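*Asks:* Knowing the structure of chain A, use the given hints to seat chain B on it.
Note that the protein sequences, when read in sequence, are chains A and B.
Using this note's numbering, the first residue of the first sequence is number 2, and each one after it goes up by one.
Using this note's numbering, the first residue of the second sequence is number 247, and each one after it goes up by one.
Because the hints were derived from the structure by calculation, they are not lab data.
In this text the structure is predicted, and so the values were computed from the model without any measurement.
Just to be clear, a hint being listed does not mean it is correct.
[Stated by the list, open to error] To give an idea of the interface, some chain A residues facing chain B are shown, with a C-beta separation under 8 Å as derived from the structure: (1) SER45; (2) LYS51; (3) PHE53; (4) TYR91; (5) SER95; (6) ALA96; (7) ALA102; (8) GLY108.
We put the beta carbon where it would ideally sit given N, CA and C, even for glycine.
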Amino acid sequence: GDSVTQTEGLVTLTEGLPVMLNCTYQTIYSNPFLFWYVQHLNESPRLLLKSFTDNKRTEHQGFHATLHKSSSSFHLQKSSAQLSDSALYYCALSAYQGGRALIFGTGTTVSVSP
Amino acid sequence: EAAVTQSPRNKVAVTGGKVTLSCNQTNNHNNMYWYRQDTGHGLRLIHYSYGAGSTEKGDIPDGYKASRPSQENFSLILELATPSQTSVYFCASGDAGPGTEVFFGKGTRLTVV
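So that you can see chain B by itself, here it is in the shape it has in the complex:
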C-alpha cells in the first residue's frame, strides 16, 4: 500500500499569517497533488507536480503556492492565510498516466481564525 504522510494533521492559523502544509511519499511516484475538500464542492485541485522541481496550477490556485524540492516531498504554502481557506487539505500521489490509482494522505484540517 502506498504511503503518503501529511503534517501537521491539524492546524490553527491566524488571518494574514503564513502556513506551510507538508507531504511526504515513499513510493517513488512521479505525480503529487494537493486537493481541498469542502462540503458541497467535493475535492478540488489546488496544485500538482510531475516531478522534482515542477509545479502546475490546478483549478483553484489563487492564494496558494506549491513547492516540490524532491521526488518525495510536496508542500502547499499559504503566504497570507484567510478564513476562506479553512478546509481539509489532502495530499495525494500516483504514477504518471491517466488511468493510474491515486493514493491519498490522511488529510490536514486547517482552521484560519
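Next comes chain A alone, as it looks inside the complex:
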C-alpha cells in the first residue's frame, strides 16, 4: 500500500542555519499529491505547503519543497531557521483518485536553539 518515510525523528540546529527534512514515498499511482503539515506545541497540524507537479519548486512562509517523481521524494528546506520553526513536521501523501485520506509519515521534530 501507500506509505511515507521520514528518516529523521529529531533535528536540532542553531538559529540561522539551513534545515532540510527528508521525505520519500511509495505509491502505485502516477499522480500523487504531496504535503507538508506543521504542528506547533499544543496545537493541531496545519498545512504548510503541497505539490502535484513534478520538478516544480513550491514555496510558503520561507520553506520550499520540490516533488521529484523520479526519486519519489519531497524534501522540505529552509535557508535560515528561526526559533519559531521549532515544531513537528509531517510529510503526507494523497494518491488514490477516489479521495482517500492522507497518509502521514512518522514526523520529524525540529528544535531550533539560539
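*Replies:* Frame of chain A, contents of chain B only:
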C-alpha cells in the same frame, strides 16, 4: 478558516468502559477523518467518511467504531477501552479529492486507566 470542533478535549476512561469522541465541522466538507497521534508513529488513520451515513476503515480500525449521522458530525466509539488506546485523537475534515487541504480539530487527549 475551516472550523472543526472536538469534544471532550480531555478524557480519562476506565479499562473496559465505553468512550465516545465527538467531532463537528461547520464547513460542509464531505470527508471527515479520525487519526490518532503517538510518538514514533505519527498520525495514523482509524476511520474516515465520505458523507452522511458512510464510514470506511482506515489503517488501524481494530477496537474502534465510527458513526457519521450527518454531514457535520463524525463520532469515534471505543466500545471496550483498553490502555493501549491511550493517545491523542484528531478529527479532520476536507473536501473530496486527492489534493485538497485537510483541516484538523484541536485534538482529544484520552487516557485509559
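*Asks:* Now tell me if each hint is right for this structure.
*Replies:* Here's how the hints hold up against the structure:
no., hint, in the structure
1, SER45, "4 Å, holds"
2, LYS51, "7 Å, holds"
3, PHE53, "6 Å, holds"
4, TYR91, "6 Å, holds"
5, SER95, "4 Å, holds"
6, ALA96, "6 Å, holds"
7, ALA102, "5 Å, holds"
8, GLY108, "5 Å, holds"
When each numbered hint is compared with the structure, no violation occurs for any of them.
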